[in-house]
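**Student:** First to last, the sequence lines map onto chains A, B, C and D. The first sequence begins at 1 in my numbering and counts up by one. The second sequence begins at 1 in my numbering and counts up by one. The third sequence begins at 1 in my numbering and counts up by one. The fourth sequence begins at 1 in my numbering and counts up by one.
It is worth saying that the hints were derived from the structure and are not from the lab. Be careful, since some hints might not be right.
A few chain D positions that, by computed beta-carbon distances, are all more than 12 Å from chain C [what the hints assert, rightly or not]:
1. Ala-135
2. Ser-197
3. Lys-201
Here chain A is said to cover these stretches of chain D; the calculated rule only asks that three of the stretch's residues, wherever they fall, bring their Cβ under 8 Å from a Cβ of chain A [what the hints assert, rightly or not]:
4. 74-85
5. 178-186
Heads up, incomplete: computed chain A residues facing chain C, CB under 7 Å, no partners named [to be verified]:
6. Pro-79
7. Ser-82
8. Ala-91
By construction, the Cβ of each residue, glycine as well, lies at the ideal position given by its N, Cα and C atoms.
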Amino acid sequence: MEKLSSAGIAWRAAQDIADGAYVNLGIGFPEMVAQFQPPGRHVTYHSENGILGMGPAPEEGAEDWDVINAGKKAVTLNPGASIFHHADSFAMVRGGHIDLAVLGAYEVAENGDLANWRIGNKGTPAVGGAMDMVTGARRVAVVTEHVTKTGAPKLVERCANPLTGVGCVARVYTSLAVVDVVDGRFVLREKLPSVTFEAIQAVTGAQLHQAGPVGALVVPEGL
Amino acid sequence: MEKLSSAGIAWRAAQDIADGAYVNLGIGFPEMVAQFQPPGRHVTYHSENGILGMGPAPEEGAEDWDVINAGKKAVTLNPGASIFHHADSFAMVRGGHIDLAVLGAYEVAENGDLANWRIGNKGTPAVGGAMDMVTGARRVAVVTEHVTKTGAPKLVERCANPLTGVGCVARVYTSLAVVDVVDGRFVLREKLPSVTFEAIQAVTGAQLHQAGPVGALVVPEGL
Amino acid sequence: MDKSVASLEAVVADIADGAVVMIAGFGGSGIPVELIHALVARYRATGHPGGLTVVNNNAGTGSVGIAAMLDAGMVAKVICSFPRSSQPQAFQRRYEAGEVELELVPQGTLAERIRAGGAGIPAFYTATGVGTELAEGKPLEEFEGRMYLRERWLKADVALVKGELGDAHGNLTYRLAARNFAPIMAMAAGCTIAQVSRLVKPGEIAPEQVVTPGIFVARLVEVPEPAQEEVLVRAGEAF
Amino acid sequence: MDKSVASLEAVVADIADGAVVMIAGFGGSGIPVELIHALVARYRATGHPGGLTVVNNNAGTGSVGIAAMLDAGMVAKVICSFPRSSQPQAFQRRYEAGEVELELVPQGTLAERIRAGGAGIPAFYTATGVGTELAEGKPLEEFEGRMYLRERWLKADVALVKGELGDAHGNLTYRLAARNFAPIMAMAAGCTIAQVSRLVKPGEIAPEQVVTPGIFVARLVEVPEPAQEEVLVRAGEAF
Numbered sequence: 001m002e003k004l005s006s007a008g009i010a011w012r013a014a015q016d017i018a019d020g021a022y023v024n025l026g027i028g029f030p031e032m033v034a035q036f037q038p039p040g041r042h043v044t045y046h047s048e049n050g051i052l053g054m055g056p057a058p059e060e061g062a063e064d065w066d067v068i069n070a071g072k073k074a075v076t077l078n079p080g081a082s083i084f085h086h087a088d089s090f091a092m093v094r095g096g097h098i099d100l101a102v103l104g105a106y107e108v109a110e111n112g113d114l115a116n117w118r119i120g121n122k123g124t125p126a127v128g129g130a131m132d133m134v135t136g137a138r139r140v141a142v143v144t145e146h147v148t149k150t151g152a153p154k155l156v157e158r159c160a161n162p163l164t165g166v167g168c169v170a171r172v173y174t175s176l177a178v179v180d181v182v183d184g185r186f187v188l189r190e191k192l193p194s195v196t197f198e199a200i201q202a203v204t205g206a207q208l209h210q211a212g213p214v215g216a217l218v219v220p221e222g223l
Numbered sequence: 001m002e003k004l005s006s007a008g009i010a011w012r013a014a015q016d017i018a019d020g021a022y023v024n025l026g027i028g029f030p031e032m033v034a035q036f037q038p039p040g041r042h043v044t045y046h047s048e049n050g051i052l053g054m055g056p057a058p059e060e061g062a063e064d065w066d067v068i069n070a071g072k073k074a075v076t077l078n079p080g081a082s083i084f085h086h087a088d089s090f091a092m093v094r095g096g097h098i099d100l101a102v103l104g105a106y107e108v109a110e111n112g113d114l115a116n117w118r119i120g121n122k123g124t125p126a127v128g129g130a131m132d133m134v135t136g137a138r139r140v141a142v143v144t145e146h147v148t149k150t151g152a153p154k155l156v157e158r159c160a161n162p163l164t165g166v167g168c169v170a171r172v173y174t175s176l177a178v179v180d181v182v183d184g185r186f187v188l189r190e191k192l193p194s195v196t197f198e199a200i201q202a203v204t205g206a207q208l209h210q211a212g213p214v215g216a217l218v219v220p221e222g223l
Numbered sequence: 001m002d003k004s005v006a007s008l009e010a011v012v013a014d015i016a017d018g019a020v021v022m023i024a025g026f027g028g029s030g031i032p033v034e035l036i037h038a039l040v041a042r043y044r045a046t047g048h049p050g051g052l053t054v055v056n057n058n059a060g061t062g063s064v065g066i067a068a069m070l071d072a073g074m075v076a077k078v079i080c081s082f083p084r085s086s087q088p089q090a091f092q093r094r095y096e097a098g099e100v101e102l103e104l105v106p107q108g109t110l111a112e113r114i115r116a117g118g119a120g121i122p123a124f125y126t127a128t129g130v131g132t133e134l135a136e137g138k139p140l141e142e143f144e145g146r147m148y149l150r151e152r153w154l155k156a157d158v159a160l161v162k163g164e165l166g167d168a169h170g171n172l173t174y175r176l177a178a179r180n181f182a183p184i185m186a187m188a189a190g191c192t193i194a195q196v197s198r199l200v201k202p203g204e205i206a207p208e209q210v211v212t213p214g215i216f217v218a219r220l221v222e223v224p225e226p227a228q229e230e231v232l233v234r235a236g237e238a239f
Numbered sequence: 001m002d003k004s005v006a007s008l009e010a011v012v013a014d015i016a017d018g019a020v021v022m023i024a025g026f027g028g029s030g031i032p033v034e035l036i037h038a039l040v041a042r043y044r045a046t047g048h049p050g051g052l053t054v055v056n057n058n059a060g061t062g063s064v065g066i067a068a069m070l071d072a073g074m075v076a077k078v079i080c081s082f083p084r085s086s087q088p089q090a091f092q093r094r095y096e097a098g099e100v101e102l103e104l105v106p107q108g109t110l111a112e113r114i115r116a117g118g119a120g121i122p123a124f125y126t127a128t129g130v131g132t133e134l135a136e137g138k139p140l141e142e143f144e145g146r147m148y149l150r151e152r153w154l155k156a157d158v159a160l161v162k163g164e165l166g167d168a169h170g171n172l173t174y175r176l177a178a179r180n181f182a183p184i185m186a187m188a189a190g191c192t193i194a195q196v197s198r199l200v201k202p203g204e205i206a207p208e209q210v211v212t213p214g215i216f217v218a219r220l221v222e223v224p225e226p227a228q229e230e231v232l233v234r235a236g237e238a239f
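With the hints as extra help, turn the sequences into a complete structure.
**Tutor:** Dropping the structure here:
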C-alpha cells in the first residue's frame, strides 16, 4: 500500500496553517512542518523555553546554544522575535494565545483523546510540555504514521496508553489520510487516491465516517 | 499634652528601617518616612505601580509623569532602579519580598487588626493596594496621630471601621508612643518623656501593657 | 504580517456595545489618551459603543481619558481598585446617580486576576482581603496554616494600551513606569489595541527587550508625541 | 548595599543538607555550571550539602552540571518535567536503583507552580493534566463549563541562576533564551544566588531592561566567560 513519507505528512499539515498564525511544533517529527510553510504566509513559531519568532536551524558551526528550541536543537531568531521567561511562555499556551499546536502521537482516539507521552508504565516517565500544549492551544493537530511499526492502528476507539489530554485533537494528518475528530467520531476528509476507503478502514482501529466528499491527499512529487 | 509632629513620628519610624531593607510607604503621611532615612543605610523603596529604587521628588518643573509613585506624585529613579509590570509588582508584595510596609491608620486594634481604607460605609469606597500590602509585607508598621482630630482613640480593642487586614500590624508609631502588638495585646515600648503612662492610657482605647523597660521617645529638635 | 492600522478612527471602529474594555495606565501614566478619545468621539458621533465595562486601576480624573468616557455616558460599570483621584467628579457624579456600577478590587488582586485571565488560570488563592468585607462570598481555604480566599480570573473583550515602540508584529516596549498594567492587560483581552509613539521595523526592538510579545497584540496605530493625561489634567483640558 | 561575593566557594558555602534547590536552565542554556560545580566540589570535600531536592526542567545530561550532582550522590529527589536527555545516564542510574525520587510535573505547570511560589499564590487551577494519570489526587473543579485541577505553589530554599549582567543590588539580565526559568526561580527561593558574566555598577543596567529586580537576589558572583553546558556535554567533558 502506498503511503506518504514523513515529509509528505508534514507538507500536508503545513498547508492548513493560516497566514498570521502562532504555532507550536512538538519535538521531533512535528518540527518538520516548518520546512513546508507555504510561501507568502507569515507564521510565528513559539518555543516553550521562551521564544516567539523562531527561525530555521543555523549552519553547522554557527550554533548559539542560548538560542535553542524545546527539543534543545539550535535555532535562529527571525526579525521581530521576542524572548520571555518560562511562566510567560506557558501563559501564552495555557491562556489560549497559540493558534495551533502540532504534535506526534502514539494513539489518537475517536473521542479526541491523545496518548503521546508514555507507552504503558515502563521506563522513566517524561512529559515535558505536551499536556499544557494540548489543553492550551486553540487547535491541536497530530502528524503521525497511520499505523505503528508493527502495523497496529494508531487511530483507535480508546487509547490504551496513558493520556496526554482528553478530547483535545481536532485533526490527524497520517501517512494515508486526513482525519478530523467530530462529535466523538473520526471523519475522513482526505485520502491517498491510490488507497481505497476500505483499505484505510482496515488499518484504523475505530470506525471511519464520511461527511461530504473525501478529498484527494496529494503532495508534491519528490516528498 | 506635648506630642510629636508628623515629621517627628516619621523620623522615629525611619530609625527602625534596617540597612538593605526593601520598603513600601503608603500614600500620604507615610511617604514622609523616606525623608528621615538614617545616613549610611541603603534602603530600596518600592512603588506599587512598578518601581523599585524610587528616589525623592524631582525639582518643580523637572517632573516626568511616567515616573510617579503610588500616590501619583512625581518621583525619581535611583541608580540600580528597576521597572516592572503591575502583576510582578504585587508578586513582590504578596510573595513576601517586601521587608516592611508603613501605612497610616484610622484604627489599630490590640489584636493587630488594621482599619485604614474606609470610614463606615459612606462615600465612594477606594481600597488601592492596602489590603495586598498588609497581608504580603513581612512586617507592617503604622504611623499615626495617637488620637483622631476629635480626640477619639485610634488604638482600640476592636476596629469599628471596615478592616484592611486581620492581625497584621506589628508596631505603631504615634504622636505619643511606640506600641507593639504582641499576642493580642498592646505593649508600650517607648513614650514621650514628658507624658505619663496614665496620660497615654487615658487616650488609648485598649489596655496598654508593659514588658520590660519603656524607652524614651525622643526625636531631634526642630522636627 | 502587518498589524499596523493607519488611523485612530479605524483602530477602534469595531469595539462593540457592552464590551469589557481594559484600559492600561496608572494615574495619568500609560493612559492611552488618543485611543480613548477616538472611542469617545465615535460614541458622540454614533451612539456606540455604549454600556461598556471599563477596567483600570482608577476611575478617571478631570475631563479627559476615562473621565471623558464617563462624562459621555458610555460606561455602565467600572472595575478598579481606587475610584478616587485629585479630580474625581466624572465618576463621582455617575456613581452617586446610580448610573455606573462599581466593582472594587484590591489593587494586587486586580493585577493578578488580569494576569490569570491572560495565563489561562480560572481561579487562584490569595491572602489579600481575608477577614474584610471584600471577602464576602469568596470561598476560603487554609493552606499551610494560613487562610486564603479564592479569586477568579478577569478577561476582557478589548484592551487599550500605550506603548513607546511597536513593530508590525505587535511587539511593544513601554516608557518607564508607564508600563504598569499594559503587559498583563494585553494578555487578558481578546483584542488588544496599542497606540505607540513610534512604529519601527520588526527586528529594531532587540528580542530581549520586547516587553509585550506581538502574540498579545491584535493591532496598533502610531501616535507620535502622545498626550500625557496628567499633563492634560493639570492644564485643565477637557475632551 | 553590595550583594556581590568574591568567590564561588563562598557564595555556595551555606547551602544546607536537605535543601530544596531550584536550578535555572533549560537543556544546557542558562545552566549555572560554575555554581553547580562549586556545590559539587564542596560536597566531595565535606559531604555537604547532601540529600538535596533539585528543581529543573530536566534531570541532567552527560557528566557535568546536574548530572555531576547526581553522580556525586548529593541528590535525593528531582522535580522536573522531562528527565530524559541525549545522555541521561546519571539520572537513569540513580532512578533505577531507587536512590533518587522523581516528581514529574507538566512543564507549564512546573513553571506556574514556581511563579506562584514567588508570587504568594498557594494554589491555582489549570486544565493541564485533567483526565490523565498526573491528575491523581488533585482536587477538580469546574469553571465556566470546563474542568480544571488544582496545583500547589512550589518554593525553594535556594535558587541558582546564571545571569549575563548583574549589579551590586542584584539586578540581573540574561543572555537570549538562557532566561528561561531564572526569573521565576529567583522569585520563588528564600535565597537566590546568581553567577553573572559581568558585574556592573548600579545604574549601568537601564531600569526598563532589568529582567530580575535585585529584590529577588540575595548574592551574586562574577564568572567571566562561563561554560555553556551544551558545549561541555558535546565535548564529552566530565566534572
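**Student:** Each hint: holds or not?
**Tutor:** Checked hints:
1. Ala-135: Label holds. Min Cβ-Cβ 16 Å, cutoff 12 Å.
2. Ser-197: 14 Å, holds
3. Lys-201: 20 Å, holds
4. 74-85: As far as the region 74-85 of chain D goes, the hint holds, because 5 residues have Cβ atoms under 8 Å from chain A.
5. 178-186: holds (count 7)
6. Pro-79: Nearest chain C Cβ about 3 Å off; hint holds.
7. Ser-82: 4 Å, holds
8. Ala-91: Result: holds, 4 Å to nearest chain C Cβ.
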